[in-house]
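Q: The numbering used here applies: residue 1069 is where the sequence shown begins, and numbers increase by one.
No wet-lab data here; the hints were simulated from the structure.
Heads up, the beta-carbon is just placed ideally off N, CA and C, and yes, glycines get one too.
Mixed in with the good hints there might be a few duds.
Unchecked claim - FRET-style restraints, in silico, Cβ to Cβ:
1) Q1513 - L1457: 29 to 35 Å
2) T1119 - D1395: 53 to 59 Å
3) T1456 - Q1513: 46 to 52 Å
4) S1277 - D1311: 19 to 25 Å
5) D1229 - D1311: 49 to 55 Å
6) G1281 - A1523: 24 to 30 Å
7) D1209 - Q1513: 31 to 37 Å
8) T1447 - S1262: 26 to 32 Å
9) E1431 - T1336: 45 to 51 Å
10) T1119 - A1523: 24 to 30 Å
11) S1215 - G1361: 42 to 48 Å
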Amino acid sequence: MHTNRTNWARAPWPTRLGVTGGVLGLLLTTAACGGDSGGGGGGAAADGGTTREDGPVSMRMSWWGSDTRHAATQELIDLYESENEGVTIEGDFTGFADYWDRLATGTAGGQAPCVMQQDTRYVREYADRNALLDLTPYIEDGTIDTSNLDENVAETGMVEDATYAIPTGVNAFSLVVDPQAYAAAGVELPDDSSWTWDEMVETAAQVTSATGGQVYGMQAMGLNGGDTNFEVYAREQGEALFDENGEIGFTQETLAEWWNIEKQASETGAEPPPSTTVEVFNGGVDQALVATGRGASGFWWTNELPALTAGAGTELQFMRFPTEAGDGETGMYLKPAMFWAVSSSCESPQEAAMLVDWLINSEDAVEIIKADRGLPVNTELRDQIAPTLDPAGQAAVSFVEEITPELQDPPALPPQGAGEVQAILQRYTEQILFDQISVEDAAEQFMSEVESAIA
């Protein structure tokens, strides 16, 4: 049983860009008043709550993602409803940029979706606030079958000894490149087993120059997934974003070195001007440079390749992270693409657990979603669908299989407050790109803000 270690009035709910003013006051008030609704204590209920045997069951299910994911998930819902008479699921989806504000507000107000997509950044935060159902009893009684889950990530949704989230699949953060864009610019793609960060920036700048700025060599690395990008860089240096004790695991010098790479990319034209960089970032995966023919590369998750390819209309490919020494010893790791979790206030926890089990273990479900939420966490189903995937999906399977022996172990769930890191990093990255702050000052202030966030 998970115990509450957090005062609900201690801090506002985590959001992507933070909460201010009246909204902050509302979240604090509703959180303080409603923190124990739905059973609290991790919500490890002894019974199943309201089930279809009691009458019609209606649950809300939330997720973020591209248009491709939205359509596929609605198809999943339609299929599940057709196979489970008496169960109705209301889909609630948005882009990543707005998802966390909506989820935080709904959770604090007692209106959390029964089944929700979760992310590594936030699982511990929501679990510590008693907002997630402890799924351990449902695993132990067989409602959720975890026997075929990828052992690399099977336990990544655990907080202490309780499971609060089930991975949907696995992926890796990598560089996605458009080889035709490089070829058209007359620039040779580097060997990703031995290339350096300097080489990445230099070749990207060559693409921009050769095309007269019609195609940029790379998308800024400090905005889209910037915290993960830096984490990989820090792990290459033998450091970490957070250590095993939940403390900051990197030095100010390492952060400054990474930001200087970004600054160099901006100043040499390897990436677009800052105003364009921010506009592209705000457009999400559908407006990525490689997805719109305006760029030759960008850092993305392997599960995002199908959506990127659909927009690009051309074949894209993966490359490993560069390294400082060019020795191929990167800090890359396999990560749960995302998680399924259940709200502790869900009135039908047994039904919600059954839905989660179906989402990760159903042959029919995996045929619909394929690799959009990462390569299926159920390894038997992963092998089953691999031959049926489109070329982009098969490329993701092949790349992950190729690099897995080289990868480091995934990090533990980050500490409470870590969900703010992405927004803090984004803000300072933008200020650096717009010459509003020096790299050194940004690194110092970033360290201070992150320490406060996780205190």
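Q: Using the Cβ atoms, figure out if T1456 sits within 46 to 52 Å of Q1513.
A: holds, 49 Å
Q: With 49 to 55 Å as the target window, see if D1229 and D1311 comply at their CB atoms.
A: violated, 20 Å
Q: Given a hint of 29 to 35 Å, does the C-beta separation of Q1513 and L1457 actually sit inside it?
A: Given a distance of about 44 Å, which is not inside 29 to 35 Å, the answer is violated.
Q: Go ahead and decide if the range 26 to 32 Å is satisfied by the Cβ distance of T1447 to S1262.
A: holds, 31 Å
Q: Does the Cβ distance between T1119 and D1395 fall inside 53 to 59 Å?
A: Taking Cβ atoms as reference, T1119 and D1395 lie about 56 Å apart, which means the hint holds.
Q: The hint says 42 to 48 Å between S1215 and G1361; measuring C-beta to C-beta, is that right?
A: Cβ of S1215 to Cβ of G1361: about 44 Å, so the range 42 to 48 Å holds.
Q: How does the Cβ-Cβ distance of E1431 and T1336 compare with 45 to 51 Å: does it lie in that range?
A: Roughly 49 Å apart at Cβ, these two residues keep to the hinted range, so it holds.
Q: Using the beta carbons of S1277 and D1311, state whether their distance is inside 19 to 25 Å or not.
A: violated, 41 Å
Q: Does the Cβ distance between T1119 and A1523 fall inside 24 to 30 Å?
A: At roughly 42 Å between Cβ atoms, A1523 and T1119 fall outside 24 to 30 Å, so the hint is violated.
Q: Is it true that G1281 and A1523 lie within 24 to 30 Å of each other by Cβ?
A: violated, 44 Å
Q: Given the hint of 31 to 37 Å, is the C-beta distance from D1209 to Q1513 inside that range or not?
A: Between D1209 and Q1513, where Cβ atoms are some 49 Å apart, the hint is violated.
This entry does not satisfy hints 1, 4, 5, 6, 7 and 10, going by the numbered hints stated previously.
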